[in-house]
Amino acid sequence: MDGSELITTEGNAPSVIDRYYTRWYRADMKEKPCEDHCILQHSNRICVVTLAETHPILQDGRTIKTINYQISNGCSRLNNKVSGKSKRGGQFLTDFAPLCRITCTDETEYTIYSCIRGRLLEVNENILERPALLLEKPFTEGYIAVILPKFEESKSITENLLSRQEFEAIVSKRNTASSQPS
Amino acid sequence: MLPLTQKDQPIVQKLLSAGCCSRCILRFCCVRVQSAYRRPPQETLKELRTFVSNTENSQDSTEPTEENNKSHNAPGSEAPEEPPSKRTKLESEDEAAAELKDEESNVCVVCLGILQEFCGPAQAAKIAETVKAQNYQFDTLVLSVSLPAQLCVRENSCWLHVKEEIGQKGLTLDKDDVIQVKEAFKWIMQGLVAKELGGVSVVTKSAFEVGVEFTHEATDSDCHFLASVCPDCFKPTKNKQSVFTRMAVIKALEKTSDGRFLKLYPCPPVQPSSSCSLQDIQCLHTSVFVAGRYNKFCRSLPQTPWVIDGERRMESSVEELIAAPILSAFRANGFNFSSSGREDVDVRTLGNGRPFAMEILNPHKSRFNRAEMKQLQETINKSSDKIRVRDLQVVSREAMSRMKEGEEEKTKSYTALIWTQKPIRSEDITFIDDIKELTLDQKTPLRVLHRRALAVRQRVIHSMNTRFLDPHHFYLGLKTQAGTYIKEFVHGDFGRTNPNLCQLLKTDTDILELDVESVDVDWPPAIPE
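Listed in order, the protein sequences are those of chains A and B.
The opening residue of the first sequence carries number 1 in the UniProt record's numbering; numbering runs sequentially from there.
The opening residue of the second sequence carries number 1 in the UniProt record's numbering; numbering runs sequentially from there.
Think of the hints as simulated: they come from the structure by calculation, not from any bench.
Among these hints, one or two may not hold up.
Cut-off 25 Å, straight-line C-alpha distance, at most; resulting in silico cross-link-like pairs (SDA-like, lysine to any residue) [stated by the list, open to error]: (1) B:Lys443 - A:Asp28; (2) A:Lys85 - B:Pro445; (3) B:Lys422 - A:Asp28; (4) B:Lys251 - B:Cys30; (5) B:Lys443 - A:Phe151; (6) A:Lys81 - B:Pro499; (7) B:Lys422 - A:Asn80; (8) A:Lys81 - B:Gln442; (9) B:Lys14 - B:Lys182; (10) A:Lys173 - A:Asp28; (11) A:Lys155 - B:Met314; (12) A:Lys150 - B:Asp309; (13) B:Lys443 - A:Asn80; (14) B:Lys436 - B:Gln458; (15) A:Lys81 - B:Val456; (16) B:Lys443 - A:Gly89; (17) B:Lys506 - A:Tyr113; (18) B:Lys404 - B:Pro499; (19) A:Lys85 - B:Leu454.
The shape of chain B in the complex, shown without the other chains:
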């Protein structure tokens, strides 16, 4: 039995005549009983017709209701007010059922077929097949539906159609009480998809999302009148193919008065000749985050791909060397790499390495235990001798921010090979070892000025130490505040870093080699070998 009451009768009647499918009628009657939607739509339609004729008869007819049930269903939508005498047209129940089926195969004016042919075991099997083919690792999934924007227009039109009736009958019914197409779709399909996938639960929140996208080109123009009513809502943006996005259409509808709408759009909506097409079934697993520390042993390896004027400058990069084995292990589509600062292409990163984190996009495999992560780390380390990774681990999205926070306050240690223009003796440079907490005024280095704002930044060199090599060379160790530009401190950058090593040593100095010895960030946690 359908959970309908007497007050629903005129609404059902009206919607049947308008060309609504049985499930959309349930929606507009605000039926919240999920099982009602899961029944075969033909049966529901039959019952709705019975329901309409029943109440009709109980109101004004003396005919036996039993007979009415069987006979008064088929032509209903054409002539709902027909007198009972015409029922003799239908000879048998079979024929009635056949015609019923015909009726139901008419594309619904509101859902454009989504709650009809796209809502059943066959479609569930198709969705499950697509999911299985992509071989994701998952226990639960969430089903999402993307509907053509014009469905909102049609829904509104149909709602106004119903509202008219409600107004007359003095019923209290709000648009928000109407069950949404999406909701009904999920009520029907979630269980079916879960069954097809065998033991997987389809839930409302899951890391794994299966998105079903419908489009209906033939009625895309339904939305167009809104552009003249509410031009503000439809401003073209770079990334959007069409200005008639679902959000924009909903906003425009909210701003359009009922009267205006009724003048510009048919109510109820016009019968479409075809139903929606299932544009796409997309699977998406939420990102997994991986962190660790890396060493870079090569002076001709950029941290990220280096492209100038669309041309690749170096054949590899730190992030690519790390990412390749990770992407293949996680069977992922892509990644975003971030790190606690970065070194220049010609700078090595030694010691415990530089903390990094990677967002792994759409991983097909997402569960890794400690042993597997260790194995993955070894795979990375065996794949190249230019880099090395340690402390590789899965982390949470929130934990990633720990790497970036307070980045400027952290300290970094470096070793630089210095050339001096004037010859030096070992004792000429020892005074440098005594310099503590030296504050520099660094104008944005010319080498990065094209992409950073011009400013004078104060940075502190906490301490330095020297190791004499020969009359023109020595090693300079530095412990500095993060964000200090070491190369510019050494050569002075046209006098734009003050003080600089040239001034301290009273001769031109240049930097020949630079190594990062430590990046003092205590994240991610160390993993004992």
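Bound-form chain A, shown alone:
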């Protein structure tokens, strides 16, 4: 809603994400250039899957036509239900499990993946009604899904992900590569 303004008080307190979450990234998911994902891991091990700021959906003023959590004929992430403290019944996801497919108005289609192993707790149904949330607030209200890694895997699941620093290095390399004449 005010993405263009970018008014912030300089040197203010770190944001909610800065305070409680660690950012992890997966670059060029499934070898598709720039399809970068971001995983926010809370100190309690819960993970929130979002688009990375470099994802093509967020570039070139694209707008979203549809978001579809029905990832195959037999499986919809919308049917996911968990119950109780132990979150029984949630779909168990592996790194390359698709979460949803997003189609932009220019007919480009992107698949968003889990990126980590864990139990699916919820998907963000708000973006079905308001796809613009995904563009306006991709890291907060426009999140894709919430995943709970196994307790014993809560540290190891991020091992093959990129830290923010590593990801930024990759992105700046990409930028220099593309800005150089071929």
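Following the hints, complete the assembly by docking chain B onto the known chain A.
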């Protein structure tokens, strides 16, 4: 004189031969006269032998009973049917007494010595000494006994032994009429322990319990055959060292037919070579409950010890700061802390504070008057400036539940320091003051989702007020239904709390500081300063 009748004679006879001690014989004769158990066991044994030979003689002998009394006692258990002529073996009464003593020092096949050597003035003195050493404050005590489980097996075996006799004689006697080992032990020991402790009464109900625990490793295997008869009764559990608990053994015995039992276990039981050992004498005072309200003035103090991956995160906690002086005053072993909700580590609790209650485990001192409680409160308050306690008082266990009941219906007041992304003017936020009874749909916050079920909970913000600070900051006062997550209302928790302050103000908002101003629970009662 022993309160026995003619019909008891065959039972006494049988039990003497089986190797029962005199007190166990009284038990199986269902003697309910407590004083009979308190007499020295040697004397009782002597009388039992006399009783047996007397009736024997009155039935089929012409010998003078007087003489029989003296002479027919010692070898009784070996050959109870011996003809009277053999009595000449015994030369003097002294010798007879000596042998009697010998007999009595044989470990009883049923009680494994508990009603023998463990039941007398020497043991009472030992128990009293242990109690005195621990320096408890008490007027009365209850004595409890923990017996090895195999005693039930042996008791059953002996009962079947007696039952056979009863069956033959057509007597009506029920297993429930037999005096229990525990009961006999207490009849004998209660008075002795009370005397040793000087003026303390040993009663059946008291806040102070002295537990005496016996074990007998050598006969632990007595129970093992039951596992094959009744495997259902002996399922291993995490906390139990052995599956052969007393309760499990009793249950298994109930399910085992007499015939089956007799096939698998000797009747009467086999003579043990050693008696039980006194494993432990434990003193336990029932919990005392203390309640009050606490303030927390520090933004780096958790309510309870904060441990992640086995590592301590902060050096102290509210409950530890409150508990330390209380535990030392009550000279207690431990505590359980509970409170009307809890605040986050970085949240202060101001105003009248948050109601809390503590169960104080095994207090050695348990009586505190008002002045002493006030003194204790001052000690707590002087010990740290991070917390403060008021209304500290002793309460009943039942009263504690008042704190938890209707917890969700109670209201709480907060003050939050808010940051806004877009600059604001004072008049931009005043509309918030007019919002009343705002119902929120709160999905379980991500920050607690790992330990709480996922749900959407409706919570009500009754009212709010604002105090403008600068273009990016203001104070927000809230009065809410208990259970409302304030931080999530402010930052929205990825849009998972609806509505949230970001939506109301149409800009990103964040919470920088939070104070609890009041927890509106009218318990515990206020104590005037």
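Hints, verified against the model:
1. The suggested pairing of Lys443 of chain B with Asp28 of chain A is violated, with an alpha-carbon distance near 32 Å, which exceeds 25 Å.
2. Distance restraint check for Lys85 of chain A and Pro445 of chain B: the Cα-Cα separation of roughly 13 Å lies within the 25 Å cut-off, and the hinted pair is therefore satisfied.
3. Under the criterion of a C-alpha separation no larger than 25 Å, the hint pairing Lys422 of chain B with Asp28 of chain A is inconsistent with the structure, at around 34 Å.
4. Between Lys251 of chain B and Cys30 of chain B the CA atoms are separated by roughly 23 Å; this keeps the pair inside 25 Å, and the hint holds.
5. For a cut-off of 25 Å, the pair hint linking Lys443 of chain B to Phe151 of chain A stands: about 22 Å separates their Cα positions.
6. Distance hint between Lys81 of chain A and Pro499 of chain B is fulfilled; the C-alpha atoms sit about 23 Å from each other, no more than 25 Å.
7. At most 25 Å may separate the alpha-carbon atoms for a hinted pair to count; Lys422 of chain B and Asn80 of chain A exceed this at roughly 37 Å.
8. At most 25 Å may separate the alpha-carbon atoms for a hinted pair to count; Lys81 of chain A and Gln442 of chain B meet this at roughly 17 Å.
9. This hinted pair checks out: Lys14 of chain B and Lys182 of chain B have alpha carbons roughly 23 Å apart, not beyond 25 Å.
10. At roughly 13 Å between alpha-carbon atoms, Lys173 of chain A and Asp28 of chain A fall within 25 Å of each other, so this suggested pair holds.
11. For the hint pairing Lys155 of chain A with Met314 of chain B, the CA-to-CA distance comes to about 22 Å; that is within 25 Å, so the pair holds.
12. A threshold of 25 Å between alpha carbons decides the hint, and for Lys150 of chain A with Asp309 of chain B the separation of about 15 Å falls inside it, so the pair holds.
13. Simply put, Lys443 of chain B and Asn80 of chain A have alpha-carbon atoms about 16 Å apart, close enough for the 25 Å limit, and the pair holds.
14. Restraint check for Lys436 of chain B and Gln458 of chain B: the C-alpha separation of about 15 Å stays at or below 25 Å, so the hint holds.
15. Between Lys81 of chain A and Val456 of chain B, the direct Cα distance comes to roughly 13 Å. Compliance with the 25 Å bound is thereby established for this hinted pair.
16. Taking the CA atoms of Lys443 of chain B and Gly89 of chain A, the gap is near 18 Å; set against the 25 Å cutoff, the hint holds.
17. Using a Cα cut-off of 25 Å, the hinted pair Lys506 of chain B and Tyr113 of chain A is violated, with the two alpha carbons roughly 31 Å apart.
18. For the suggested pair Lys404 of chain B and Pro499 of chain B, the alpha carbons sit about 28 Å apart, so the restraint of at most 25 Å is broken.
19. As the CA atoms of Lys85 of chain A and Leu454 of chain B are separated by approximately 8 Å, the hinted pair is consistent with the 25 Å bound.
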